[in-house]
Amino acid sequence: MKSIEATDLTRTFNGLTAVDHITFDVHAGEIFGFLGPNGAGKTTTLRMLTGQLRPTSGWARVMGCDIVEEREDLKPQIGVVFEQQNLYTRFSALDNLKFYTRLYGIPQTRVGQVLERVGLTDRAREQTSKYSNGMRQRLMIARALLHQPRVLFLDEPTRGLDPGVARDIRSLVAELAQEDVTIFLTTHYMEEADRLCSRVAIINKGAIVALAPPSELKAELGEMATLEDVFLEKTGYELYQPTAVAEERG
Amino acid sequence: METTMNAHRGMPFRDKLRVILAITAKDMFEGIRNKNTLTVIVTAVMMVALYRFMPLISATDPARVFLYEVGPATSLADLQYSSEIEVRSSPSLPALQRRIGDGSEPELGLVIPADFDARVEAGETPELQGYIVQWVSRDEAQELVQQAETAIYNETGLAVRIEVGDNRISPAVDNDGTAFTASLGTIFMMCMLGISFIPNLMMEEKSARTLDALMVSPASSWMVVAAKALTGLFYGLLIGIPSLLIYGPVIQHWGVAWLAILAGCTFTVSIGLLLGTILHTRQQLMGWAWAAVIPLMLPPFLVVLDELIPGWLVSLMPWVPTVAMSMLIRASAAAQIPAAVILRNLAIILVGTALVLGFTASRIRHRDR
Chain A
113 MKSIEATDLT RTFNGLTAVD HITFDVHAGE IFGFLGPNGA GKTTTLRMLT GQLRPTSGWA
173 RVMGCDIVEE REDLKPQIGV VFEQQNLYTR FSALDNLKFY TRLYGIPQTR VGQVLERVGL
233 TDRAREQTSK YSNGMRQRLM IARALLHQPR VLFLDEPTRG LDPGVARDIR SLVAELAQED
293 VTIFLTTHYM EEADRLCSRV AIINKGAIVA LAPPSELKAE LGEMATLEDV FLEKTGYELY
353 QPTAVAEERG
Chain B
-6 METTMNAHRG MPFRDKLRVI LAITAKDMFE GIRNKNTLTV IVTAVMMVAL YRFMPLISAT
54 DPARVFLYEV GPATSLADLQ YSSEIEVRSS PSLPALQRRI GDGSEPELGL VIPADFDARV
114 EAGETPELQG YIVQWVSRDE AQELVQQAET AIYNETGLAV RIEVGDNRIS PAVDNDGTAF
174 TASLGTIFMM CMLGISFIPN LMMEEKSART LDALMVSPAS SWMVVAAKAL TGLFYGLLIG
234 IPSLLIYGPV IQHWGVAWLA ILAGCTFTVS IGLLLGTILH TRQQLMGWAW AAVIPLMLPP
294 FLVVLDELIP GWLVSLMPWV PTVAMSMLIR ASAAAQIPAA VILRNLAIIL VGTALVLGFT
354 ASRIRHRDR
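So the sequences go chain by chain: A and B.
The first sequence begins at 113 in my numbering and counts up one residue at a time.
The second sequence begins at -6 in my numbering and counts up one residue at a time.
Worth flagging that the hints you see were computed from the coordinates, not collected in a lab.
In the EDC-like style, the derived pairs of lysine to aspartate or glutamate whose C-alpha atoms are separated by at most 16 Å in a straight line are: (1) A:210 with B:23; (2) B:9 with A:185; (3) A:330 with A:341; (4) B:9 with A:184.
Okay, chain B solo, but in the shape it has when bound:
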């Protein structure tokens, strides 16, 4: 293989690119005619949509309202018996804001002022500051406010005015709400692509022996791998576009979201190329797919369950590239993202990709040539 690489230095870059693009175009064209490819794409998009809309479908019928009482408000005590809203209390304003930002369904946060009871006794209509997560539409927010005002009136007989205004809460960088489920859905999609689709690109060439024909053509092993990677990225983006559109309202930083999808695809494609290089049959792939999916898919889930898992495992989690992908997608929903968060997670994904590609390359180099 070293000899091949040496010889390839003599091949003009333009010709190398022509060969790579020819194989990529062939794979894309073939993929469209391949039922397996279409099945993987449709299933992946459906799973992403399921992750997105399941919390909304299963959302509690009475809207959830979080109350932070600055001082005791006895006149609202009966609100806990309301059947129109589900009332929960928050210990502080930051806790309330964090909870609203982390919600995976539209929820309302209300701050009850210290002089609430006094104002009620004075015959005033108290104004309550309301908080709603950023990705909820204005109409939905208005509906939620009206629902809460009606519920308070029906349960306590008090007329209040809820003012949301600019109190739209952006999820935190490490939120575990809708952006978190968005990240899980997207990672699931990318892992499916990496574990199911990409190895097939390699294995079909091997099982049909078309790889032999490629190897006596101007294509080299490296060009074939590069072409498959490009095909994988193409299909990754093809699935990534609807995924991001599904989660569109949640995302505030589209650049970071796209970066996460691109880097994530690069990583899962490299995993797929490795599997496609070392495996020869679909049966082998079925077995290995499960072995690969656990270390890829499980850490992004476990990372939010840090109280349930051992400390050493918690400290390792952020170094897993799929967790880094999840972090980037979650961060893309935040109002502000520290540059360090982007750079650190991007570096983890790219280093992970480089390691996997390096291992794949060494496998190719040590093949029987």
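Bound conformation, chain A alone:
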């Protein structure tokens, strides 16, 4: 079953094409990596798929809901962990989550369950302004899981985190996929994508330039190739070569 289907999805801003006729689908319970350099169109795609931004053309369905026509039906099906931390910092973790239970109309008992899951039970009553970066990120994940979404969108979830916290979050993502939650993951960490994702799409200048399991993509480039090599090759990044520069300078 397909959790996400996107066909010819396009978005322009004042004549500039941010996302250019991309087509892909994501299967239920899959961890799908969406990779690309800065400004390639990752976040724009994520914003369209989560109903925050209307596509200029093309269409997409998430859990069978059209992202434009059935936006309100889509909302309970998805959870989003944003790239930038966006919590009510005057509130405790408990109050933040209780607020969202009221929005979703779900029992407050869910708060304890998600806090337990992200390991914040002991610090739940502390004001989130006093939280570390990693704790806030955990809380954002807890918030996204509160209403038990079928699809979880994660925008750079481990960016700038301690290796330990990043590992915890990756473990949690893997666990969720085992529970049949579909994961749409954007990341700059190729190793993370390689380890977690069953398939990855590489987007460059708004267009998908590669879409396959990481193993297939690496195999195309050679036996010793890494996903980073694939990424750099597909996005046309020219590697800095110190020896060549030195020779040129004489």
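For this one, chain A is given, so just place chain B on it according to the hints.
Same frame as chain A, but now just chain B:
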């Protein structure tokens, strides 16, 4: 956004209300923890109190007494030299009554009968009809009467009896006395709420990016705006209650006063929502706040200075919603208010609110979705 609205038709009203109330409750709770909110509330109430009590603090030491002489009363001629009361004359009884009703401090109006001198010569103790504004307490009124009787005796040697009785003057519907300053203080409070507090409710959601999280939750832009409006009304009433209590003795029609506060809050909240929607930073707000405050705050002041401003501007003034608010508050101190005054001013405020909300809605609709 049209699509969102269409989709929302499918969402039960009960659920929409739940979402709106959840955001409102969150904003109220957050507002209590926000120093900026508390500062705005305390400052607004203090300003209202200042407007109310400043005229009393700066009141002239000798009480002001207005005399309307029906016929010449030469025996009172020396009263103008009194140091205990400040005497001024009125050309007619209606002018005297209007002046007393418009006073922003307790003043006494006295009618000197045509046969005053004759009665004095006949050895009688003449009785003078006194007039005092309605909102002055009985004790204050009695004190004022005694002060005037003593001053008249000390200055002219004449014993008079001043009878106020039921001669308590209610301010006119368009009075420019205490009810006018009450209206200015209340409008100032509401404008502060609208220009300073409400935009912050929107801008904080935008700057902290919490609005993004709301937009992927069951909340829509419309629900967020409605919730912020409710929060604004809550805080407006929170400030409005002490404001009306401060001016309590002046108000005769509490229903009209509350209507003015409610309608006024609705208007200033809509202005705040518009500012919060179009502005993104506090710096922008600081600049725009001044641009917004002038057309909101200045007309209620200027409306009483109709002799100093051009005629075309005078004719436009009553159409400004803040002037309409001022008119309702001023009218609430009058003894009787024509229904047309209430309906006209209420309609101006509500139409103004609808126009601002409509513009805010169009801004939201044309955002990048």
